[in-house]
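First residue of the sequence shown? That's 13 in this note's numbering, and the numbers climb one at a time after it.
No lab work stands behind these hints, which were simulated from the structure alone.
Treat the hints with care, since some could be wrong.
[Stated by the list, open to error] Pairs of lysine-lysine, DSSO-like flavour, derived with a Cα cap of 30 angstroms: (1) LYS30 - LYS115; (2) LYS81 - LYS30; (3) LYS81 - LYS115; (4) LYS99 - LYS56; (5) LYS99 - LYS115; (6) LYS99 - LYS30; (7) LYS99 - LYS81.
[What the hints assert, rightly or not] Label pairs and their in silico Cβ distance ranges: (8) PRO51 - LYS81: 39 to 45 angstroms; (9) GLN92 - ALA43: 16 to 22 angstroms; (10) SER23 - ARG86: 28 to 34 angstroms; (11) ARG14 - LYS81: 19 to 25 angstroms; (12) GLN28 - LYS56: 17 to 23 angstroms; (13) THR50 - SER75: 25 to 31 angstroms; (14) VAL73 - GLU104: 22 to 28 angstroms; (15) SER46 - PRO82: 38 to 44 angstroms; (16) VAL55 - GLU91: 20 to 26 angstroms; (17) GLN28 - PRO82: 40 to 46 angstroms; (18) SER75 - GLN28: 18 to 24 angstroms; (19) ALA24 - LYS99: 37 to 43 angstroms.
Heads up, the beta-carbon is just placed ideally off N, CA and C, and yes, glycines get one too.
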Amino acid sequence: DRFAPRYSLASALAQQQKWLPAAREYQTALALASDQMTPEQRVKTLQHLYTCTAHLVQAQVQSAMQEGKPQPSREEMMEQFQDIMGKSNFDELVALRQQQQQKQQ
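Construct the complete structure from the given sequences, taking the supplied hints into account.
Structure (structure tokens):
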């Protein structure tokens, strides 16, 4: 397995709005040896994984609300993000965003 084909497949699935398969492929791409991707590619892949996850969580919230269920709490939504993205990927993206914010200050 190599990074580039997995990333390309994930991107194609995301373009088709197949969010869960795309998220899984982005996770697979991220799990591959880090020497197969640049730091910029890793950040971009994490961002794309986040976008797919956001679409999935949004769809779950809308579905629950249509069924008359209460909107999930912020904590529940964060758990969903971590479950879909993988906790380590989620934590890595949060840390990268915090670093970017600190550099801008």
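Hints versus structure:
1. Under the criterion of a C-alpha separation no larger than 30 angstroms, the hint pairing LYS30 with LYS115 is inconsistent with the structure, at around 35 angstroms.
2. Restraint check for LYS81 and LYS30: the C-alpha separation of about 25 angstroms stays at or below 30 angstroms, so the hint holds.
3. Pair hint LYS81 plus LYS115 does not hold up; C-alpha atoms about 41 angstroms apart against a cutoff of 30 angstroms.
4. Note on LYS99 and LYS56: the hinted pairing holds, with a Cα-Cα distance of about 17 angstroms set against a maximum of 30 angstroms.
5. With a C-alpha separation of about 24 angstroms, the suggested pair LYS99 and LYS115 falls inside the 30 angstroms cut-off, and the hint holds.
6. Using a Cα cut-off of 30 angstroms, the hinted pair LYS99 and LYS30 holds, with the two alpha carbons roughly 21 angstroms apart.
7. Note on LYS99 and LYS81: the hinted pairing holds, with a Cα-Cα distance of about 26 angstroms set against a maximum of 30 angstroms.
8. Between PRO51 and LYS81, the C-beta spacing of about 41 angstroms keeps the proposed range 39 to 45 angstroms intact.
9. Between GLN92 and ALA43 the beta carbon distance is about 20 angstroms. The supplied range of 16 to 22 angstroms therefore holds.
10. Range check, SER23 to ARG86: Cβ separation about 29 angstroms, and the 28 to 34 angstroms hint holds.
11. Here the CB-CB span from ARG14 to LYS81 is close to 42 angstroms, at odds with the stated 19 to 25 angstroms.
12. Judged by the Cβ atoms, the range 17 to 23 angstroms given for GLN28 and LYS56 holds: they are separated by roughly 19 angstroms.
13. The beta-carbon spacing between THR50 and SER75, approximately 37 angstroms, falls outside the hinted interval of 25 to 31 angstroms.
14. Look at VAL73 against GLU104: about 24 angstroms separates their beta carbons, and that is inside 22 to 28 angstroms.
15. Hint check: SER46 to PRO82, Cβ distance near 41 angstroms, so the stated range 38 to 44 angstroms holds.
16. A beta carbon spacing of about 23 angstroms between VAL55 and GLU91 agrees with the range 20 to 26 angstroms that was offered as a hint.
17. For the pair GLN28 and PRO82, the beta carbons lie near 31 angstroms from each other, so the given range of 40 to 46 angstroms is not met.
18. Judged by the Cβ atoms, the range 18 to 24 angstroms given for SER75 and GLN28 holds: they are separated by roughly 20 angstroms.
19. Taking the beta carbon of each, ALA24 and LYS99 are about 26 angstroms apart, not inside 37 to 43 angstroms as hinted.
In this structure, the hints that do not hold are numbers 1, 3, 11, 13, 17 and 19, in rising order.
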